[in-house]
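These are the residues of each chain, in order.
2 protein chains.
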Amino acid sequence: MSGDLQGARVGFIGLGLMGRAMAEHLRDAGASLVIHNRSREVVEELCRDGGMAAASSSAEVAQQVGSGLIVLCLTQTSAVEAVMTGDDGLLAHIEAGALVIDMGTTAVAATRLFDQELQSRKSSLIDAPVSGGQGGARAASLSIMAGGAEADFERALPLLQTLGKRITHMGASGAGQVCKMANQMIVAQTIDAVAQALTLARANDVDPALVREALMGGFADSRILTEHGKRMVEGDFEPGGRAVCQLKDVREGRDLMEQSGLDFSLLRANLHNWENMIAAGDGDLDHSALIRLYENKIDRE
Amino acid sequence: MSGDLQGARVGFIGLGLMGRAMAEHLRDAGASLVIHNRSREVVEELCRDGGMAAASSSAEVAQQVGSGLIVLCLTQTSAVEAVMTGDDGLLAHIEAGALVIDMGTTAVAATRLFDQELQSRKSSLIDAPVSGGQGGARAASLSIMAGGAEADFERALPLLQTLGKRITHMGASGAGQVCKMANQMIVAQTIDAVAQALTLARANDVDPALVREALMGGFADSRILTEHGKRMVEGDFEPGGRAVCQLKDVREGRDLMEQSGLDFSLLRANLHNWENMIAAGDGDLDHSALIRLYENKIDRE
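Listed in order, the protein sequences are those of chains G and F.
Numbering follows my numbering, with no gaps: position 254 of the first sequence is 254.
Numbering follows my numbering, with no gaps: position 128 of the second sequence is 128.
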């Protein structure tokens, strides 16, 4: 499964919980990493372990990597913009032949724009957002949905194979992000549907734990029912995926829907629910805690 | 798996595609059936094959079955009401000790009311709606969610085991129907979410078939994505589950939600979509054809 990155010089920008685990896998596969992160503490810690060198800016990453690969693992589109643009940004310093691999969830329009900007500098962009969360990052079992030119995808593949198991080339630039949006819309609305169903059961004195079990294996079965349904039944909202991140992705989905001339009433209703849940102070809980929005309606009577 | 019903006298009312397959399993397990159906053709056909005797009314089923079991497999609450009430209805003719097993999807309030009416006649009701469709009925692999008194459930169990594989006693009278509503709400909204996601992909020139494959195995994975998503990708809307039946169940879900003092905006939006889809003439297609509601928005541009 592990790609051979022996001796490859790879830039890595964004060392949060996901990015850090991914950078360590690349190092373990033999890559020589140049790393940069807004908060410096994690950079110093990783460099102490060897196999990684610190860069003090995106510009320095670009200069040190030359015509190599630069991975971005950032939390949102505005962070990608900050890394790309400005005097110290990648666009101003990228070298010809470099390939940027954006593994965060970034707006489709911004992705296509940055790809064009990089193309005009004889470099290019692969969008390669992931699904599978921190657990998938640690286990190198992420699902990766990639967009970009075929040759760039082939070039990125050994690196992606070091990080994930299910790697699909979805199409041209932005296609990976479109697929990620599709993923997040389904996740967000399925959590909502399961939360409604379990609440309706509880309001009618039927045990939600029994309902979850009875539905598993039938047409209502899903990874969300199995995993997030269990969290809802047990009231265990220690975050895997935080609700604030879910809100961010559903907002990106809403934007893409509007840009595509479409209008999905369930997406809008679901977005409103995430906003209400977070306004109620539950944004740092796991996204399965959306059920509290409904359960509170029972308790209040 | 097959329960031993040798010699048991069982009434069976409602011999549609589901009911007919179920009645045949009961006969094959040794039961002696007394059958009744609004349309007489299927009754004559089944009686020709042996092991079943025709009754001309619900009253006659009650009289012939005596203190035995009577299965109802009807399409909606109004059909159950028609069988229960009136001069020729079960309530007027049921004998003490009889147990009615309602395997259709019937409103929770009506279920509880009929249970009380039967109790006052020293008989009783088990609500035992099923999931798994015609395929599950034919294969005797239905999931069955039962509500009612423990002793009645135990009494019905050998019969239920002849028809299904996953049989759960959910609680008191109506609890099986509450669980079925939970099931149908999740199915209806997940179909909607998958339809939105695949449409968003297509509107952005990303292949929906690739999206479905990339999402399988991740957090967006579900039985609906796998099976109904495949129908959507292939445009194959030959009915398994017809959209008109889905609308009926979502309406029952809306009613139960309102009776429970709850308000789910996604359920209301989803109900509206089924109404629009059926108004557009697609009611007899498989429920996965909901995607046509969205795809038409792309084509119109």
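Since the hints were derived computationally from the structure, they do not count as laboratory data.
Don't take every hint at face value.
[Unchecked claim] Listed next, the in silico DSS-like pairs over lysine-lysine satisfying Cα-Cα at most 30 Å (straight line):
#, chain 1, residue 1, chain 2, residue 2
1, F, K297, G, K122
2, G, K230, F, K248
3, G, K297, F, K248
4, F, K248, G, K248
5, G, K248, F, K297
6, G, K165, F, K230
7, F, K297, G, K230
[What the hints assert, rightly or not] Simulated coverage check for chain F against chain G, where a stretch passes if three residues somewhere in it have a Cβ under 8 Å from a Cβ of chain G:
#, stretch
8, 74-85
9, 188-202
10, 213-226
11, 269-276
[Unchecked claim] Which chain G residues face chain F? A few, computed with CB under 8 Å, are given here:
#, residue
12, L157
13, D205
14, S222
15, R223
16, Y294
Idealized CB from N, CA, C, for every residue including glycine.
Given a cut of 8 Å on the nearest C-beta pair, is the interface hint for R223 of chain G held or broken against chain F? Since the shortest Cβ distance to chain F is 5 Å, the answer is holds.
Would the hint linking K297 of chain G and K248 of chain F be met if the CA-CA limit is 30 Å? 26 Å, holds
Is the shortest C-beta separation between D205 of chain G and chain F less than 8 Å? With Cβ-Cβ at 7 Å, under 8 Å, it holds.
Is the shortest C-beta separation between Y294 of chain G and chain F less than 8 Å? Holds. Min distance 7 Å.
Can you confirm whether the C-alpha distance between K297 of chain F and K230 of chain G stays at or below 30 Å? Outside the cut-off at roughly 37 Å; violated.
Do three or more residues of the stretch 74-85 of chain F come closer than 8 Å to chain G, measuring C-beta to C-beta? violated (count 0)
How does the stretch 269-276 of chain F fare against chain G when you require at least three residues with a CB closer than 8 Å, holds or violated? Our answer is that it holds, as 4 residues pass the Cβ test (under 8 Å) against chain G, meeting three.
Holds or violated: is the Cβ of L157 of chain G closer than 8 Å to a Cβ in chain F? At about 15 Å, which exceeds the 8 Å cut-off, the nearest Cβ of chain F leaves the hint on L157 of chain G violated.
Does K122 of chain G lie within 30 Å of K297 of chain F when you go C-alpha to C-alpha? 38 Å, violated
K230 of chain G and K248 of chain F were given as a pair; does the straight-line alpha-carbon distance stay at or below 30 Å? Between K230 of chain G and K248 of chain F the Cα gap is close to 29 Å, so the pair holds against 30 Å.
Verify the coverage statement for the stretch 188-202 of chain F against chain G, using a C-beta to C-beta distance below 8 Å and requiring 3 or more qualifying residues. holds (count 11)
Need the status of pair K165 of chain G, K230 of chain F: alpha-carbon distance at most 30 Å? Holds, at roughly 22 Å.
In summary, the structure is inconsistent with hints 1, 4, 7, 8, 12 from the numbered list given earlier, while agreeing with the others.
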